Each structure stands twice: as structure tokens, then as C-alpha cells.
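Q: Spelled out from the first residue to the last, the chains are:
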Amino acid sequence: MRGFFRNRYLQNSADDIRHFMRNPGLMAVTAVLLVLILIFIVYPIGSVLIKSFSVSYPTVTLRYETSVAASADVDRLVTHPLLGVLKNLQGLESARATGKSGSFAIHLRFQRDWDDLKGLNDTKRSISAIQGQVDPHVRKFTYRLGKESVNSIASYRDFFSNSYYYRALRNSIVLALVSTALVTFFAFCFAYLGLKGPDFLKGALRVMGLIPLIAPPFIFALALILIGGRMGIFTKLLHLPFNIYGWPGVITAQVITFLPLGYLMIENVLRSLGTNLEDAASDMRASDVDILFKITIPLAAPGILKAGLLVFLMSIADFGNPMLIGGGVSFLATDAYFLWMSENNLEMAAVFCVFLVLPSMIMFMIHEYILKGRVYTTIGGKPQQSEKRRMSPKIFYPMLAIVTPLSIMIVLCFGMIFIGAFTKILMVDNSFTLEHFQSSNGFYSLVTSLKFAFSAALIAPIIGVTLSYILVRKRIPFKRILEFTALLGFAVPGTVMGVGYIIAFNAPPLKLTGTFIIMIINEAFRNLSVSLEAGSSKLHQIDVAIEEAAVDMGAGAFATFSQVVLPLISSALVAGFVYTFMVGMIAVSAVIFLITPGNNLASLYILAVAEEGFLGMACAISIMLIVVVAASLGTLKVISKYTKTEVF
Amino acid sequence: MTRTTKLLGIIFITISVFTWLMSAPVLAGKALKVYTNADVNEMEKWAPEAEKAIDMQIDWSPRMSSNELWSRVQAEAPNFQADMIWGFLNSHALIGTQRGWFIPYKSPVWQDIPANFKDPDGNWYGYNYWFSAVVVNTKLLADKKLPTPKSWMDLADPRYKGEIVMPNPGTSGTAFLSVSAIMQIFGEQKGWEFLEALDKNVAQYTKSGSAPSQMVAQGEFAIGISWDQAIYGRVEKGFPIEGIVPSEGTAFDLESVAILKGCKNIEGAQKLIDWLGSKDGQTFIGQFRSKVTRPGIPGKVSLDPNLIKYNALWAGENQKRIMSEWKKRFQK
Chain A
1 MRGFFRNRYL QNSADDIRHF MRNPGLMAVT AVLLVLILIF IVYPIGSVLI
51 KSFSVSYPTV TLRYETSVAA SADVDRLVTH PLLGVLKNLQ GLESARATGK
101 SGSFAIHLRF QRDWDDLKGL NDTKRSISAI QGQVDPHVRK FTYRLGKESV
151 NSIASYRDFF SNSYYYRALR NSIVLALVST ALVTFFAFCF AYLGLKGPDF
201 LKGALRVMGL IPLIAPPFIF ALALILIGGR MGIFTKLLHL PFNIYGWPGV
251 ITAQVITFLP LGYLMIENVL RSLGTNLEDA ASDMRASDVD ILFKITIPLA
301 APGILKAGLL VFLMSIADFG NPMLIGGGVS FLATDAYFLW MSENNLEMAA
351 VFCVFLVLPS MIMFMIHEYI LKGRVYTTIG GKPQQSEKRR MSPKIFYPML
401 AIVTPLSIMI VLCFGMIFIG AFTKILMVDN SFTLEHFQSS NGFYSLVTSL
451 KFAFSAALIA PIIGVTLSYI LVRKRIPFKR ILEFTALLGF AVPGTVMGVG
501 YIIAFNAPPL KLTGTFIIMI INEAFRNLSV SLEAGSSKLH QIDVAIEEAA
551 VDMGAGAFAT FSQVVLPLIS SALVAGFVYT FMVGMIAVSA VIFLITPGNN
601 LASLYILAVA EEGFLGMACA ISIMLIVVVA ASLGTLKVIS KYTKTEVF
Chain B
1001 MTRTTKLLGI IFITISVFTW LMSAPVLAGK ALKVYTNADV NEMEKWAPEA
1051 EKAIDMQIDW SPRMSSNELW SRVQAEAPNF QADMIWGFLN SHALIGTQRG
1101 WFIPYKSPVW QDIPANFKDP DGNWYGYNYW FSAVVVNTKL LADKKLPTPK
1151 SWMDLADPRY KGEIVMPNPG TSGTAFLSVS AIMQIFGEQK GWEFLEALDK
1201 NVAQYTKSGS APSQMVAQGE FAIGISWDQA IYGRVEKGFP IEGIVPSEGT
1251 AFDLESVAIL KGCKNIEGAQ KLIDWLGSKD GQTFIGQFRS KVTRPGIPGK
1301 VSLDPNLIKY NALWAGENQK RIMSEWKKRF QK
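Chains A and B, in that order, give the protein sequences. Under the numbering used here, the first sequence has 381 at position 381, and the numbering climbs by one with no breaks. Under the numbering used here, the second sequence has 1163 at position 163, and the numbering climbs by one with no breaks.
Okay, chain B solo, but in the shape it has when bound (with noise of 0.2 Å):
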């Protein structure tokens, strides 16, 4: 072996090792890691702040969208990959307190948020609210020369065909909840009828509830269903975008954290239930969401929007059913 390669070969080792080892998880503390179905962008906000407050850091899930962090939830129970969910349905957090996934904690900072918002043995809390909502483009509806839609029923109109950008329900907690919203406001059978004609008028089904926002946004679709914050947000940003609550009402969903079995971190994460339990935390909160749960604090939206007594139980037993049927119907 010649000088050279010898040479070549130790300082390439070394500098294999130096670095094998400083990739190696060197921790000043305990990661707390979270599944989170919150925006890529509000997590990149959100996630510094609570470190902050609860002095660890967070590992947050890749973004996922409500059902696909249900379903792999599911797939890993009992032995879950993370140590809590920080922000996924309350349909799924019923669910999950009925089969004994999450450890029960009894947060003293939450004791004067009302019951309504929180589980009574602890099991799930929800930190804020949010409803879907119809975002539509009001400069390509003017070019295109359509009326505003104003209810559900309107978005079934011909007129809107191809224009119509709509999260799948399959991976989308947004999507669900308009559906679930859906077939309890009209009940199942004239539900699907409605769907039906729906899907005539839908260009393309993305995958996040956020992303037909963007689109819309963008100008890519002129209607979008979407949620609250994501279609405000927006607005706020100078898009030439409206946010629309149909008239026969819409679902809101009570954006809940648990803290999953076999949790590595309790002390991170019975932390962090205070944080956004706490003043502070909903305060945060407060500027990215629609609505907080703790009276007194401001969200985003002071409108009370026309929310349907929407059973949040009923749609997380019937969901399988329902998704497996829409796939049947409207899978392309």
C-alpha cells in the first residue's frame, strides 16, 4: 500500500468516526416526541415556544394529517412510537379513551377550563377549536363570472364543475369532519346523494386539509373546503380569498392532546398539557386559532360561527364504514 493511500485511508477514517460520532444522539435532557396533525408552518412556530416553557425539546412528527396520525396510531398500539399526540381529532380521542391508549393526567392548571373541554378522568384535553369552512377565490369567481356559493347544497351546482378543490376524507380530519358534519345535518342516505353530486364538480382531492387553502390561495381552484385557520390566516396574509360558513352549518372539532401509553417522557408531557392549558399557553395559542378553550382568552375569530350539535362519538364509530364506502363511491 502506497504512502499515499495509507494516508488517504486514516484521515478518511477519521474523519468517518469524528463524525459517526457526532451524529450519535447526544441529548442535553430528554426529547419529548410528539405526533402532531398541526401545519408544518404553525408547528415551526409553536414548537421553539413550548421548548421554551417546558425547557425540553420537542421532536415533532413529520406532518401528518389527522386520519393517517389515527391510523398509524392505530397500527402501533399498544407500543406507541411517541410519547403523546399534541393535536388530533376529538373524535379519535373518545375512541382512544375507550380502548385504554392514553395515560389519564389531572392537570391543575385545567381545573378552570370548563368540563366540556376536557375529558373527566383526564385523558385528553382540548386546547382549541376549529370548524371547516368553504374558502373561495373571490378574484376567480369574478373572472369566471360564478356566484358565491353560500351553503353545502350550492356547491353541488353545476356551475362549479372542475373548480372545486377538496381534502380526501381518508387522510383529512378536515375532510372528515365535513363529511361526518355531512351526513348529520342531511342524514346518510340524501349525505351521499350530496356527495355525489359533489364529486362531479371536485378537480383534484389533496391529501391535507390545509392544502386547498394554498390552492385557493394561489389561485389554482377557485372553492376550497377547508378549516377556519387555515382559510383566515390566509386572508390576513392579502390573498384575494373569502372564508364562508355554509349556511345548514358546519362541524367544529375540539383540537385535543393525550398523552399515549407507555410514554417515555411523562414529566415533558404532563409539562407541556399545563403549558397549553395554562394562560400563557392559550394566549400562544390564541394567535393561530380560531378558538381557545379557556374563557376569557381571545382567538382569532370573534364571530361565533353557526356550529351544528355535531356527535363527535357517532363519527368516530361509524368512520371505518363510511371512509370504506366514500373509497367505493369516489376513489379514482
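Only chain A is shown next, with the shape it has when bound in the complex (with noise of 0.2 Å):
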């Protein structure tokens, strides 16, 4: 049995590659596309992991030339007399003689943080100890400083004997599995409640489940910085003993940031329900709680636990609010970038990355390839026609306990942004101040991340589509693995892409980093799914009988994907623009590893300005960049409606 499926998958292959073979034009464009994603996605990934294998020791080879003749003779009078001394020095790990016939090396390898400089002093200083008793035979000394990597799993192994390292593995999966779970609880009751309560709540729901959508994702940890930091008003009026740095404040900001993500999958997956099940055990005098638990939760399970996944993989690749909020807490992302920033040990941070995307992998890979299509959908040949049952008491009121704190919360949050942004300094200096929004700097970032997002933005589509169009209409070889490679960069969180690219990129023949181009290249491929999905969907819904028409009439396959798709599809290139727009102007956690002087973006300078305690100016800032997120996605729910296309 298995031959025989294993046999047919392969004749398939062997057809689409003789098919493909054919067709030259479509080779190039898909080499073109295979080689970006590979360079792009698939590259710095691999470095990084290979990095993370990785172990460098710092050296210092000292070479030298002697007139004695016989080299047992330089070995007495010369070598073994430097060893002698240069064993003793501080840091070593090993010493090795080397060289013949007149010229000699001899390399010494100092411990993995010792600074190598130090090496050399130390070395220079302990051979001109020795000076007189080589020197009639030694014609000069030359030093070099050196690195030597070495192959091993040592950063693995210090990874797993420090806690130090390895409790930011633990406290990131404890922190995503709590945020999940709080998420998908709060969003579940926002949906539930908006889809079957009663009316009057629905648009207020609906907004507060959604509005997070608009603030950058770090903004809710500035707010609740302000209201409840050191400095907070609530801990100031309230007096409370303790502040929300650190895990408090980490997963409410969390699980306000990603409330809007599991509202809009779970409030699909209820409504695609459809009400017949439940108005049978209904009819049945089934109560309504044991409704709600034993069919309405039981169906949208598969659906819930897609939302779930979703967040999770958000949670872990969140860099922003634990910055901000997590008071020194570790997290993989954060830690990775202080690995980099301060230690320069670029080692361990592709280790730390390994263990961001572990988690992720695992958790994208159960989302696209168990969930997919299991989700659980009610189709009905006739329309449903069931008149909408008043929800029980039982369940209004408890949920209305759950969802009104939370959205209080949300509101709150905004406000305190606003009143910060124009407040001289809160609680301490309370007067009002236009100061803020004055700083040129910040509007100069602010300017920098339009020009990223938007260049980006126009990058993006234009690959997402095309490769899509690839993908849905035509037959290539090992579609799936160039599906995967490109959804790879969607899936790996931000901080994995960044470390990735300084690796990759940092020496020729693709010496990028510090350029303007690599951030934009590095936004635009980690968002070419979006992109994907985009066109496919729409693709999905152009019958390719059209394309056959424009074929039979005569149209090569250029011809019929400008003139007779793409305009069909634009609708998915300008949504896939607008939103790798929105995404790029609030990135943060891949960017933070590629900027460089007059590169600042928007979200950085907020990140900045916030950890030095300038929280008004954060705010100003803040606001600034709400307005033009805001304005992009009222822009894609506008492009969305108009042409009916899913990008969520």
C-alpha cells in the first residue's frame, strides 16, 4: 500500500517536472522567485542555526624568524623557552608550535570572553621578560590577532548549565501558554456575547475587541506604565505596595495586545457555525449552559485552538513588552538582543533563537497542517432561517462580569496615552504641554518609518501575488516546499530574522547590513505570506475558466496573467500593500537588529525614549503613529469590503 502511494506521489513530480521543463518562461520567474526566498528566508535562517553550533575563540599567532640552522637547536634555544613563559599566561587555553626551516608560529588560543587585546599585552609583556635570552637568535617578532571558529555544541551546553540562559526559555513558553490561555478566554466571551447577546452591545464589543488593532503593540505597556509603574496614577492614589513591572504587567499587556487576533478568528468561527444544532438541543429543552459547554464549545474547539496557536506564536515573538514592561525579567527575545547589543556574542543569540523558533515551528506546523480544513462548519443546502434566541441570564451576566473589566482596561489605556502625550511629567508635574509632539527627532523617525513601511509595502505584493498565482494556477515541482520556505518568514519570529540577517549579511558578497535596503528587504519577506494568501484567496474565486478564454484566444501565459488576472487580483496586491504598510510601521523586533544612524524608525525611538523615562514624549510619538495605523486599516477594511477580499 505504501509503494503504491509513494509511487503515485512521484509520478506526479515526474509530470509536473516534465511540464515545468516546457515551459521556459515559467522557469525564469520561478527561479527568480526561488532564488529571493532562498536568499531572503531561507539563508539567514540557516545561518543562524548554523551559527548557533558554532564556538569562537579569540588568538593571537605570533610568528617569528631565527638565523640558527638545525630546528632541534631553535627548539631549545627559541620555542621551548617562549612556551615556557607563554603558558603562564592568564586566560590561555592552549598553546601550538608550529613551522619550519627558518619560520615559526606559534598559536595561542585564549578563553571564549577573554578579550583578546588583553591577550596580546600579556603576551608582549611576558616575552620581553625572556627578551635577552632569545633575542641574538630571533630575527623579529610579528603578532596577530585572530578568531577561530570552532564546531561544537559548548554554547548548547552553557545554554542548558545556566539559569541565566535557560529560565528565558522557561519564562517565555509560561508566559505565551498564560497569555493563551487568558486570550482566547477573553476573546471567546467577546465573541460569544457579541454574536448572541442582545443588540445593543453588539457595536460596543465589537470595537472594544477590536480597537487594539490600532496602537502599536508595545503601547499597551507604556500605558500601563502610567498607570500603574512606579509613578503610576493608580499607584499613586491608590497607594498600592507593589507595581506592574515585570509578569503582571507582561501579560496584561499581552493579553490586551492580542485580544483583537483571537476576536476576530473565534467571532468567524462562531458565526460560520450557524445556529441548528444548538436550536435543536434547544427544542430538546436543553438548558443553555449545557449548550454552551457541551455543543457550541465542543464545535468551535478546532477553530479556537487555531486562534490559540496564532497567539501563542505571538506571545513567544513579542519583543516590545517585555522590553518595556517586563522589568528585567528574561524573555528568548529580549535577552537575544542584549546578547547581541552589549555582549557581542553572536553565538549564543542563535542559540537563543533556536529555542524561539522551536516552539513556533512546532505550533505553525500543527496550525497549517493538522487545523487546516478541520475546522468545523455547519453548511446547510437552505438559508437558516431561526429566530434569535434571548441568551439566559446564566450566561449574560457572568460574561458580562468577564468582558467589561478587560474593556475598561482597554479604555483606560488609551486615554492615560493621551493624557501623557500632554502632560509635562504625570504625577509630578500635571500642567498641560504641547512639548512632546515638538521633538524634530521624532518626527524625523516618524518620517524614516513611512519611507520603510512604505517601500516595503511596495516590494511585498508584487512577490506575494506573483509567487501565489504560481502556486494556485500553475504545475511546478515541489510546490510545498516553496509554499513552506515562504511561509517560513511569516512563521519565525521577528527577533530570529533579525539576528539571521546580521549573520548572513554581514560580509561579502552580500555585505547589506547598515544599509537602508536590508531593513526594507528583511520587512517586506518576512510578510510575503500575507501577500500569499491574499492573492490566493482571490484566485480561489476567479474561475480558471477565464484564464482558459483569454489562452484560447490566443493570449501567452504573460499576457494572460497582466491583462486578464492581475487586474481580477489587484484587489489582493493593494490589500497586501496596505497591510504590510500597517506592519511595517510598528515593527520592532526584527528592525531593532539592523538600524543604524539616520535609519531610526518611529517605534524604536518610542522603545528609546520610554526606557529613558521620558514617557510624555513616548506617548506624543505614540499618538502619531496610532493615527497613521489607524488610518491603514480603516483603508483595508475599506479595500476589503469594496472588493471582497480575505486577508485576514
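Just so you know, not all the hints are guaranteed correct.
[Stated by the list, open to error] Just a few of them, taken from the derived set where beta-carbon distance is under 7 Å, the chain B residues facing chain A:
| no. | residue |
| --- | --- |
| 1 | Asp-1059 |
| 2 | Ser-1071 |
| 3 | Gln-1081 |
| 4 | Ala-1082 |
| 5 | Gln-1184 |
| 6 | Ala-1211 |
| 7 | Gln-1218 |
[What the hints assert, rightly or not] Straight-line alpha carbon distances no greater than 27 Å define the calculated BS3-like cross-link-like pairs of lysine-lysine that follow:
| no. | chain 1 | residue 1 | chain 2 | residue 2 |
| --- | --- | --- | --- | --- |
| 8 | A | Lys-147 | B | Lys-1320 |
| 9 | B | Lys-1320 | A | Lys-236 |
| 10 | B | Lys-1328 | A | Lys-147 |
| 11 | A | Lys-451 | B | Lys-1328 |
| 12 | B | Lys-1045 | A | Lys-424 |
In short, the hints are calculated from the structure, not lab data. As the structure is a computational prediction, the values presented were derived from the model and not from experiment. Glycine residues also receive a C-beta, built at the ideal position from the N, C-alpha and C atoms.
Put the complex together from the two separate chains, hints included.
A: Shown next, in the form of C-alpha cells:
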């Protein structure tokens, strides 16, 4: 049996390959896309993996020439005395002597985090101590600093043997699990109440559930600091003995930030369930509570799980919230950044990235390959005609009690940002001021963000939609692999792409770090998959017959694509553009590794000033950012509605 | 395709191309790219003034604390992304010179500035110096009935538990200066003992050396370790804070500038160095920093703080080792 399926798969592949080979245009385009994806997605991620398995030692190489003829004499007169005094050097790992016939070298390897300049100076000092003894025989000494990279799992060993490393992994996973549980819980209540509850609540709930979307992801951390930080209004007014930094702050910030994602997905699921089964159960005298727990939830379970997995992914990749309000608690994304920023320890940062990728990959695989298509929808042939039932008070009031505090919190957060932006220093000098809006650098960073997001948004849809056309309509071999790698850029946390780009593009032939271009490319390829999905969904709505008709009338493949298909799916291009633009404005976790003088982004600038305690300025720039994002989101909704394209 | 869609499409494309063109880097003359460890609010005033003096646009790095900056420079070597460094620790300037990362420049303007403030070959120049100090919020201390600390050792007093905010020596030059000063004052072993005791009192480690001043000024903590101007600048603004130089002495750092190898704008870099050493430049900087290096130009602070004989080279050579150890012990 197994052989049967395998042969079929291979046979199909063989057919695909044959068809592919006959079509040079298709081959060219696919080749270009493949190369781009390989370079800008696979190569960086691969480099991270390789880097995590390498360890580098600082080395000092001492070369010398001697006028002594016999090598045995050289050993006795020069090499051994040198080695004798060098092997006592501080921080030395190993010393090795090589060379012959006049030209020799001693290769000194120092401990991993030893300062190589200190090693060099210590070496010079040691040698000058026995200078007199070896001088007559040696013509000259030259020194060279170097780095030796060795393949080893030493970094992993370090990771597991030091608590300040592995606790980042533990904390990140715990955080993700807690956030996921809370977000799905709240999102379900919001969605259920909105869908089945009284009509007057519908609008309010929808707004509450979705409005966090317009705020850059770490804005709520900022707001929470204003509310519950050491100088927060609640902390001060209520004289609370604790503050919100650390776990409470990060969890709360994440729950608010990811609520819209959960809400959208769960509402979608609940809506498509239809009420048939629930009505039937009700007719059979089941109580509302029973219906909720025995029918609605089990039916919606796969969809809820799907939402949960996505929230898990986002939580583990979250950089801004732990950075602002984490209060020093170790998390994978932020620790990886500090490992690179303040210790220049790329190897350990790579290890952290591997541990960031693993849970994400697992979750993503489950999401894409197991849950896809398993979402239960009730598809009836006839339109459903049922009266909207009144929700039982036993469900209504508890849900209301759950939903209200969170809604108040959301409103409070937005309110605090506004207040903070217009107040000199909150709780210290509450006078009204516009000075926070006058930061020239803040404004400049906003302009840079606009340029950045705009450029990335131009590239991503073009590549994404072209790719979607090839994947949906054309026959190419190993489609799955191409699709998978394109989605990889999205599934992998931003930190990994950031570190990967630093490792991959820091040396010729592709030395691109420090340029504006590399930031744009990074952002574009990270968001390919959204344009891909938009294009795919739109293509599925279009009948193949239209393209076949074009071909029948003599249009070539390219003409068909550009004159027939492209206009029809243009809304996908636009949707991809707006989405990538929106995400680009609030990008943080990947680009923080790539910014350089003159290329500061608004989102990162907010983090920087907030960290220095200039909360008012942070709020002001945040408001400007919110305005831009809200405008883009509005545009996206209008396009979605107008052209019926699904982007989410 | 309907007419409306076509029209929309054309408008969209036109706007896109137009914006794209407008956003292309069109510079009237080249920009000078600098890395700096100066505070954001300092650079926002310094850069425009400097731009006027050298008649060139200055692109300055998003704010990096001293060790972050140095880490970045080390990572990029020898292909630096910036033209020069305007403001970094002297320890690092010494190390960079040894590694041959700078382009030497003998500035004529600097001739009459004392030799101990500049590299003999012109690899780096020190244009002002600052020292680390303790900042306290007098109001908070009074409210909590705590005595004012007067020395480093005082900070280890368990009475101050949870009241101290200090920068992280891993990222901040201020903190690293303080830590290496402590090592040099007390010797390494006693130094580590002191740091252990201090750590128990520290509520939070911040990334930058200035943040503690802001936080103590805002009343979030009673005591902070920071640097002189961050403190005195806020005293001037009217915050209820006071700067204290510990009785055992404190270390000072010579804020340095250097031109990085591979600099694409030598002319601009040299002009900036000239300006920073000139009477005008020094007077301007003197409005912001405690002490400038040109004789006769006053800085903001006229008192002579108790400065130890700080060995910057030792600090630079041992930084990695000490930081590793610090992380092992105190990284939460």
C-alpha cells in the first residue's frame, strides 16, 4: 500500500517536472522567486542554526624568524623558552607551536570571552621578560590577532547549565501559555456575547475587541506603566505597595494586544457554526449552559485552538512588551537582543533564536497541516431561518462580568496615552504642554518609518501575489517546499530574522548590513505570506475558465497573467500593500538589529525614549503612530469590503 | 477593468511613484554619520549647532549607551557603518587605537589643548570629561526617614533596600565606569563583596546611565547612580534632587571622539573635530557638560570633585572579564 502512494506522488512530481521543463517563461520566473526566497529567508535562518553550533575563541599568533639552522636547536633555544613563559598567561586555553626552516609560529588560543587585546598585551609583556634570552637567535617578532571558529555544542551546553540562560526559555513558554489561555478565554467571551447577546452590546463589543489593533503592539505596556508603574496614577492614588513591572505587566499588556487577533478568529468560527444544532438542542429542552458547554464549545474547539496557536506564536515572538514592562525578567526575544547588543555574543544569541524557532515551528506546523480544514462548519443547503434566541441570564451576566473589566482597561490605556502625551511629567508636573510633540528627532523618525513601511509594502505584494499565482494555477514540482519556505518568513519570530540577517549579510559577497535596503528587504520578506494568502484566496474566487478563454484566444502565459488575472486580483495586491505598510510602521523585533545612524524608526524611537524615562515624549510619538496605523487599517477595511478580499 | 478601477489604479501608481521619488535620499551635500553615546535631549541641541558649524547634515545614531556603542563598533570592525564616533568612553578610545580602527588626524585647532586630553598621534580627542556620581531625591529620603548616603560603602547599607536604581554595567558606560572605579578603589575581591551587598539594595538596573537621574528626579526611586550632568542638569530644572560625589572618590571619563577607518566623509569628520576643540565649540559644550578640556573655558561645574587616578587602559582590557563575572553574579 505504501509503495502505491509513493509511486503516485513520484509520478505526479515527474509529470510536474516534465511540464515545467517545457515552459521556459515559467521556469525563469519561478527560478527568480526561488532564488530570492532562498537568499532572504532560508539563508539567514540557516545561518542562525549554523552559528548556534559554532564557538569562537580569540587567538594571538606570534610569528618569528630565526637565524639558527638546526630545528632541534631552534626548539631548545627559542620555542621552548617562549612556550615556557607563555603557558602561564592569564586566560590561555592552549598553545601550539608550528613551523620549520627559519619561519616559526606559536598559536595561542584564549578562553571564549577573553579580551583578545588583553591577551596580546599580556603576550608582549611576557615575551619582553625573556627578551634578552632569545634575542640573539630571533630576527623579528610579529603578532597577529585572530578569531578561531570551532564547531561545537558548547553554546548549548552553556545554555542548559546556566540558569540565567535557560530561564529565558522557561519564562517565554510560560508567558506564551498564560497569554494564550487568557486571550482565548476573553476573546471567546467577547465573540460569544457579541454574536448571541443583546443587540445593543454588539457594536460596543466589536469596537472593544478590535480597537487594540490600531495601537502599535507595545503601546499598552507604555500605558500600563503610566497606570501602574512606580509613578503610575493608580499606584500613587491608591498607594499600592507593588508596581506593574514584570509578569503582571507583560501578561496584561499581551492580553490586551492580542485580544483582537483571538476575537477575529473566534468570531469567524462562531459565526460560521450556524445555529441549527443549538436550536435543535434547545428544542429538546437542553439548558443554555448545557448548550454552551456541550455543543457550542466542542464545535468551535478546533477554531479556538487555531486562534490559540496564533496567539502563542505572537506571544513568544513579542519583543516590545517584555522590553518596556518586563522589569528585567528574562525572555527569549529580549535576552537575545541584549546578548548581541551589549556582549556581542552572536553564538549564544543564535542559540536563543533556535529555541525561539522550535516552539513556533511546532505550533505553526500544527496550525498549517493538522488544523487546516478541520474547522467544523455547518453548511446547510437552505438558508437558516431561526429566530434569534434570548441569551440566558446564567450566561449573560457572568460573561458581562468577564468582558467589562477588560474593556475598561482598554479604554483606560488609550486614555492614559492621550493624557501622558499632553502632560509635562505625569504625577510630578501635571501641567498641559505641547512640548512632547515638538521633538524634531521624533518627527524625523516617523518620516523614516513611513519611507520604510512604504518601500517594504511595495515589494511584498508583488512577490507574494506572483508567487500565489504560480502556486495556485501553475504546475511546478515541489510546490509544497516553495510554499513552506515562503511562509517560514512569517512563522519565524522577528528576532530570529533580525539575528539571521546580521549573521548572513555582514560580509561579502552580500554585505548589506547598515543599509536602509536591508531593513526594507527584511520586512518585505517577513510579510510575504500575507500577500500570498490574499492572492490565493482571490484566485480561488476566480474561475479558471476565464484564463483558459484568454489562452484559447491566443494570449500567452504572460499576457494572460498581466492582462486578465492581475486586474482581477488587483485588490489582493492593494490589500497586501496596506497590510505590509501597517505592519512595517510598527515593526520592532527584527529591525532593532538592523538600524543605523539616520535610519531610526518611530517604533524604536518610542522604545528608546520610554526606556530613558521620557514617557511624555513616548506617548506623543505613539499617538502620531496610532493615527497613521488607524488610517491604514481603515483603508484596508474599506478595500476588503469593497472588493470582497479576505486578508486575515 | 472598469473605468473607475483604471482611474484609481493610475492615481495610486502616480502617488506611489511620486512619493517614492520624494523619499529617495536626496542630499544637498553629503551627510556625516556618527555614532554617539550622548543623550537624546543633548544631541537634539548639539547636532543642529554642529551642523551649522561644519555646514553639513549630521545623521546620528539612535541613542546607544556606551557599551552598546562599543559592542556595535567591535561587531562591525573593520567595516564600520558610521564615519566617526562623537562621544564614547576613553577606555574604548585607547583600545580602538591599539587595534588600529581609527584614522589619525592632527587637528591644528587642538594644539593648545593639554596633551593628556588627546592622543599623541591624533587618533582620538577628549573634548569634555564627566564623572560618575550618586543622585538622591531629598524629598523621598526625608519622607522615608533615610539618611543621605555619603560614600560608596554607604550604599551597601541594608536600610536602602529596594531604593536604589543603577545602570547596567553591561550596557552603560556610566555604570561600567563606576564598577571599574570601585574595583580600582577597593581592589577586586573587596570590590565584588561590595557589589554583592549593593545588588541587594538595587531595585532595578536600567539600560542607560541617564535613566536613573530621570527616575530619581521623578520620584520613582530615592537613590541612583548616574553621571554628573544628568544629575546637575535636573537640579537646575528644579527637581528635588542632589548630586553626591562618594567620599572614597569617583572616576572620571574623558569623552572622546575619533574618526573610524573607512570613513566616507573625512572632510566632515575633520571639521567636526576642529569645531569640538575650538573656542566656540568648547564654549557651546561647556553649557551642557561639567568640564571641558580647553583651558580657560568654563563648564557647568566649577567644583573640583574628588577624582581617583583612574586607569582607563586597565578598565578597557579587563572589561570583558569583569562584565562576564558581573553577569554571572547579578543578572536577574
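Q: Does Ala-1082(B) meet its interface restraint, that is, does its C-beta lie within less than 7 Å of any C-beta in chain A?
A: Check passed: Cβ of Ala-1082(B) comes within 5 Å of chain A, closer than 7 Å.
Q: Verify the interface restraint on Gln-1184(B): the C-beta must sit less than 7 Å from at least one C-beta of chain A.
A: violated (16 Å)
Q: For the pair supplied as a hint, Lys-1320(B) and Lys-236(A), is the alpha-carbon distance within the 27 Å limit?
A: violated (41 Å)
Q: Close enough to count: is the Cβ of Asp-1059(B) nearer than 7 Å to one in chain A?
A: Hint on Asp-1059(B): holds, closest Cβ of chain A at ~3 Å, below 7 Å.
Q: Can the restraint linking Lys-1328(B) and Lys-147(A) be considered satisfied, given a maximum Cα separation of 27 Å?
A: holds (24 Å)
Q: Do the numbers back the hint for Ala-1211(B), that is, is its least Cβ distance to chain A under 7 Å?
A: With Cβ-Cβ at 5 Å, under 7 Å, it holds.
Q: Any CB of chain A closer than 7 Å to the CB of Ser-1071(B)?
A: Hint on Ser-1071(B): holds, closest Cβ of chain A at ~5 Å, below 7 Å.
Q: Could you check if Gln-1081(B) really has its C-beta closer than 7 Å to a C-beta on chain A?
A: At 3 Å from the nearest chain A Cβ, Gln-1081(B) passes the 7 Å test, so the hint holds.
Q: Below or equal to 27 Å on CA atoms is what counts here, so check Lys-451(A) against Lys-1328(B).
A: Distance of about 42 Å is beyond 27 Å: violated.
Q: Does Gln-1218(B) pass the interface check with chain A, least Cβ-Cβ distance below 7 Å?
A: Holds, about 5 Å.
Q: Has the given pair, Lys-147(A) with Lys-1320(B), been kept, meaning a C-alpha gap of at most 27 Å?
A: OK: Lys-147(A) and Lys-1320(B) at ~16 Å, within 27 Å.
Q: Taking only the CA atoms, is the gap from Lys-1045(B) to Lys-424(A) under or equal to 27 Å?
A: Holds. Lys-1045(B) to Lys-424(A) sits at ~19 Å (cutoff 27 Å).
Checked against the numbered hints above, the structure breaks hints 5, 9 and 11 and satisfies the rest.
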